[in-house]
Amino acid sequence: MSALVKLIDVIKRYADVTALDSTNLSIERGNTTVLIGPSGCGKSTLLRLIVRLIEPDSGSIEFNDETITSDTIAKLRRRIGYVIQEGGLFPHLTARANVLLMARHIGKAQDEMQNRLVELCDLTRFSVDLLSRYPLELSGGQRQRVGLMRALMLSPELLLLDEPLGALDPLVRASLQKDLKGIFAQLRQTVLFVTHDLAEAIYFGDKIVLMNDGRVVQKGSIADLRENPSEPFVAEFINAQRGVLLT
Amino acid sequence: MSALVKLIDVIKRYADVTALDSTNLSIERGNTTVLIGPSGCGKSTLLRLIVRLIEPDSGSIEFNDETITSDTIAKLRRRIGYVIQEGGLFPHLTARANVLLMARHIGKAQDEMQNRLVELCDLTRFSVDLLSRYPLELSGGQRQRVGLMRALMLSPELLLLDEPLGALDPLVRASLQKDLKGIFAQLRQTVLFVTHDLAEAIYFGDKIVLMNDGRVVQKGSIADLRENPSEPFVAEFINAQRGVLLT
Amino acid sequence: MKLPRPIGVGRDRRARRARPIVLLLLLLIPVAVVVSASANPVTIGSKKFTESYVLGEIARRALNDAGIAAEHRQGMGGTIILWQALQGGQIDAYPEYTGTIAQEILKTGQQLSFEDIRDALAEYGVAITEPLGFDNTYALVMRRSEAQRRGIRTISDLRQHPELKFGLTHEFLDRQDGWRPLHERYALPQQSVIGIDHALGYSALANGSIDVKDAYSTDAKIEENDLVVLEDDLRFFPKYEAVFLFRSMSPGAITALRRLEGTLDEKRMIHLNVEAERTKNYAFAANLYFGPGKGSAPSMGESFPHKLARWTLRHLELAGFSLLLAVIIGVPLGIVASRGGWIGQGILGFASVVQTIPSLALLALLVPVPFFGISMRTAIAALFLYGLLPIVRNTASGLQDIPRSLRESAVALGLGPFTRLREIYLPMASRSILSGIKTSAVINIGTATLAALIGAGGLGEPILSGLNLNDHATILEGAIPAALLALLVQWLFDVLDRVLIPKGLRI
Amino acid sequence: MKLPRPIGVGRDRRARRARPIVLLLLLLIPVAVVVSASANPVTIGSKKFTESYVLGEIARRALNDAGIAAEHRQGMGGTIILWQALQGGQIDAYPEYTGTIAQEILKTGQQLSFEDIRDALAEYGVAITEPLGFDNTYALVMRRSEAQRRGIRTISDLRQHPELKFGLTHEFLDRQDGWRPLHERYALPQQSVIGIDHALGYSALANGSIDVKDAYSTDAKIEENDLVVLEDDLRFFPKYEAVFLFRSMSPGAITALRRLEGTLDEKRMIHLNVEAERTKNYAFAANLYFGPGKGSAPSMGESFPHKLARWTLRHLELAGFSLLLAVIIGVPLGIVASRGGWIGQGILGFASVVQTIPSLALLALLVPVPFFGISMRTAIAALFLYGLLPIVRNTASGLQDIPRSLRESAVALGLGPFTRLREIYLPMASRSILSGIKTSAVINIGTATLAALIGAGGLGEPILSGLNLNDHATILEGAIPAALLALLVQWLFDVLDRVLIPKGLRI
Ligand SMILES: Nc1ncnc2c1ncn2[C@@H]1O[C@H](COP(=O)(O)OP(=O)(O)OP(=O)(O)O)[C@@H](O)[C@H]1O
Ligand SMILES: Nc1ncnc2c1ncn2[C@@H]1O[C@H](COP(=O)(O)OP(=O)(O)OP(=O)(O)O)[C@@H](O)[C@H]1O
Ligand SMILES: [Mg+2]
Ligand SMILES: [Mg+2]
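Chains as they are written, first to last, in our numbering: chain B, 1 to 247; chain D, 1 to 247; chain F, 1 to 507; chain A, 1 to 507.
Only chain B is shown next, with the shape it has when bound in the complex:
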């Protein structure tokens, strides 16, 4: 299976902190790669590097076997859907305008947009009535779903999801997980998924990448991680979640 995105020896430092230490990682086409790890270990940093919100200090990132540079990224970004950890909804636009922003911008047909929008509302269990609200008029979970819809709107080649379901209640979350997994499989969608919920990671992850302190500690299936932990931390992390049933 070929890699859609490849990180090669990527290092990112913020002043004194090394947020990402010499990292190699490939995100396979058509697969869902789940990124897990302790808070502050560099997961969001990795995603931000791929969309080039920050420049790597060294190393390079390839998309479709071509190295991403500041020049090429502009076009690539439209092929990437990115759910930012803290929403990033524009307060001056309604939920609808937030979701449709890019679609309108690249001149999608009106009814095509409308259909897709209804489809997405359906998927995320988001009431169509709420579409004309401004972000400040939505609840936390509602905002998160608007962010998800915005990322999915243009059916991007690559989905980067930074804790996309964190603020959702179990009911919505369970059905959304099911639907998303179905869609991903059906469309052979390439996904990089950050979550703190191990059950979710197991449910989605074709491959699980465990990070710690800016480094990738282990990658593989959940069985690999459980049975052959590369270091004690892996086992510790995997067994931490309260009440999770490790099937």
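FYI, nobody ran anything at the bench for these hints, they're computed from the structure.
Ideal placement from N, C-alpha and C gives every residue a C-beta, glycine not left out.
Derived DMTMM-like pairs: lysine to aspartate or glutamate, alpha-carbon spacing no greater than 20 angstroms straight-line: (1) 267/F / 233/F; (2) 503/A / 408/F; (3) 239/A / 184/F; (4) 503/F / 129/B; (5) 503/A / 129/D; (6) 503/A / 137/D; (7) 267/A / 277/A; (8) 75/D / 55/D; (9) 6/B / 206/B; (10) 108/D / 119/D; (11) 207/B / 28/B; (12) 75/B / 55/B; (13) 178/D / 236/B; (14) 165/F / 184/F; (15) 107/F / 184/A; (16) 75/D / 408/A; (17) 6/D / 57/D; (18) 178/B / 236/D; (19) 503/F / 137/B; (20) 165/F / 231/F; (21) 239/F / 184/A; (22) 503/A / 16/B; (23) 48/A / 241/A.
Counterexamples of contact, computed for chain D against chain B with all Cβ distances above 12 angstroms: (24) 6; (25) 22; (26) 30; (27) 52; (28) 65; (29) 67; (30) 70; (31) 71; (32) 79; (33) 96; (34) 117; (35) 118; (36) 187; (37) 224; (38) 228.
Fit chains D, F and A with the ligands to the supplied structure of chain B, relying on the hints for placement.
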């Protein structure tokens, strides 16, 4: 057991939406009350009503058997610790300044503050080195812990926690849950806890309150909810979470 | 020129979604183009008083009747303005007086003959018509009845009547070619001389409180009050014969203009002035010159509300256009400045430096530039420059205040830089930008007074003349409407806020 | 008065945490108080030219020598300013000329006797000393050698020398008590009369291009160029005898002042003027009056850099104080305005209306108010008012732009309203507020020129006199430093941004 906070027939509407429909609820002293329910059901609204960020359209809220009014709330707020769902950290202040803001303001002694700060960092597994960072220089989980420290700083009588651990990895989360529960029990802390994680709800909840669509559907122990669901929705909601082991 | 639409106020709520600020800018660009349209016909100028207006109208009509396109720019200013406008080619001809030419333009202390004047002007490339026929100089006037009763016809005749009471304007008393030398030259014996306001003097003359007063010899009041001008038999007063000055014009235009030579005596001019002041319709008065039947019906005259409307509209035009330009140029400059660096510093520095140039100096810089000259363009350019800083600076600071997370969000979405600006950054900074525009608008309304300095009109007209005359009432005629305009702008922008600041930012 | 510290620039990084804006305000309040300190000693005023400066210094010295505290406010302005200042009690005495009193103050056209003048002034409650002894009127001057060779002593003597070449200033040619009546009165036969600049005229006289020119009779140049004043034997020129005007003063002060009467003839005054212009040290020149030995060593004189420094410091003082006031008052007003409602509207409306008051009108409003008068206070008050709007508006819009979630966060924490403002809202709005302050600062630097209108000094001095004289070089002497000041302020505030805008907002 006496109620520290009592909501009496509280109704809150936003334009056409009824965010909270005639609600009666008492939050018992020394107990942890967990608020669960689907996204948008009015959980955050309920918390915002208690700290009077919004005025109820009708009904009243009592604190210590006295009705809260806009006049009395100013003083009460200092006795309430509130973790806002989306952080609410001040971007122009460092993590330390955010945490110490109120303590400095009421003139706590310097070393007392310092001790408490170290204690809180310890509790939340927050590295003391990060205290001089600005919110924009922290990861999502780190910010959430700063918010939690800020709420705990003055050891308030009432803690209102709106998904305080949502962005934390299982490792930190598990140990934080354990420590918090210990502290709550030891200090006989009154807590109102909003979460989407059923396992967390069960772990903390002396009493669980399930809301739906602006109404309280059922309150009681998890056993009550599981065994005597007042409506099908209760069972549905309780069984939704993927992989949760309902002990 | 029409009233500018300073900022389009729409009630259409959908406008909010339609990229409001950019739209606003684009909408108003075409309006700005109007300013630069220039004229081809012969342009007659006139000074800021009735007689000059009337003569300007007569010249225009004379040219029109000869089939030559001509326009009349009324009341452009004083001697220096008109002379410069003639030199600079902004106007082709204007009415002037020989005495003024000798003293204020050629600056000779001597009495020059008409030939001397003609030759001296030729050196400037300016030609002169023969006198039109009347002399508008200082004169002494009396009630006609009184003069006839006493048989007074000349100033020398006054010598026989030492009991006559003189009421002279303060200016005439002060002027060194006024009362003192006059009374020496004629050896006038009168002892009773009081200083009195010009307008009040006519009342005093009418009710007999005084018997003799000074006046301009073609003053409309002479006819209205049935007065006589006493002949200056010793030729004390210098000649102020009316002529037209002109530069290169077609032979046809020159012929048409020269046809006016020697056709207007004092009496006729007084009459035209009377009609002009009565009707406030200079074209009507001018038409009387061409024949009684030809005058169009006199209009209601320029009442105070009418004048006020004219000043106010012009003021709005000046402040509106310049604000528009300042927005069109200032917002993009502010966008560039928001990025900081040397260019940003340079832009803010430029806008700051411009702000410190004194208005008179700025006008002095702009007036010699061919495109500008003595025109509304110059005033608008100056106001534009003064309006720049608040807009540039607030645009820059508003953009810098957008939270990093949202800026990144816009970048990550894949929006192009221009779209980002239009859809995300500018709307989010709209409150700050509008606050800058509001400040600019009010500053422009305040500063637009300077337009009157170069005869571009507006509420500065009464303010300046009030300041010159130290007349508070006149100042207020301009200052109060200007203040009200500022309040109006304030109110207007509050309405605009509701349209332009996205609702999501106002929750 | 010392240089104001317009905005304290600190390098102390810790300042960031110390509630920067509030601190800034508090820090600067005490400085503002200095402005309102008023003076007790006898205050002598003087007009804006050498001789008046010297006379003012002489008076001050005379009072001091008599043991009376006295100060001298140099070069306050023209006749009207000084007269008003005397009337308003801002000064107690100033040197004046009888001719000027008759014409500009009493506004009579006639030649008044000294007694008439004294009586007329008494009605205003103003007293007058006897003449000091010299007469500073227009005069005709010649090279001493030439005059002696030809035996010319009086103006009448010129009649015998028709071949003499006259070079007269344009003003003298134009003035109605100038060349024309003079040449008639004396029946002067000279044909060769040219207009020439005053300073150039002296050179022309020296090199023989002209033989006779006009001058003030106590002009320092008369001595410097070894010229003689021709006697006005027909008494054509009105008398301009120097006197002191004064209001209520202690008998001791009056006696001291009157001791100067009749003690200064033309020759001596010319000499003092020469020394004053040579050394640019008026006190030194004044000391010469009291005796040769007593003059302190002449200083280097007021060189251009020195003058420039004086103007610039004063300019900074004016702009700095007024900015300070505008910040102290404007930020709180902006805070109130940010809440909207009628009060907010009212505040913004007021600040807007103030901005539209023409500066001359505003000064005219303030000058009659006792506390203000002709003083720096008035200039600062006017500048303060003009600086208000950008600060108020930007404070309001900056506060309104704070995201609701963070405002709620501050409320929920339990911070009191004042703490919220100080710790959260103002720092978060600091970029917008500082942007308004910067705009205000630059506007104030630009507008501070108006201070020169009421003699409060600053870079407006060269600008105004340059504008009056139409002398571009002089304008630039003020305009360039003003522009540089604006750039300096721009740079200074960029440094300040780094101190006052919290780092967390600049990531
Ligand atoms: N300002 C507002 N205007 C209109 N509707 C609002 C506003 N604020 C909240 N709402 C609506 O009120 C309802 C309750 O919101 P609330 O934030 O209390 O939900 P919640 O239970 O906290 O949800 P979540 O779990 O997603 O945070 C939601 O449907 C939301 O859309
Ligand atoms: N601008 C910055 N300056 C300094 N340090 C930063 C900055 N941004 C992030 N960091 C640090 O880099 C590290 C990695 O951050 P990152 O956001 O990638 O963590 P994360 O794995 O996404 O954590 P979380 O699960 O809490 O979201 C953290 O320790 C964080 O404090
Ligand atoms: Mg993260
Ligand atoms: Mg919520």
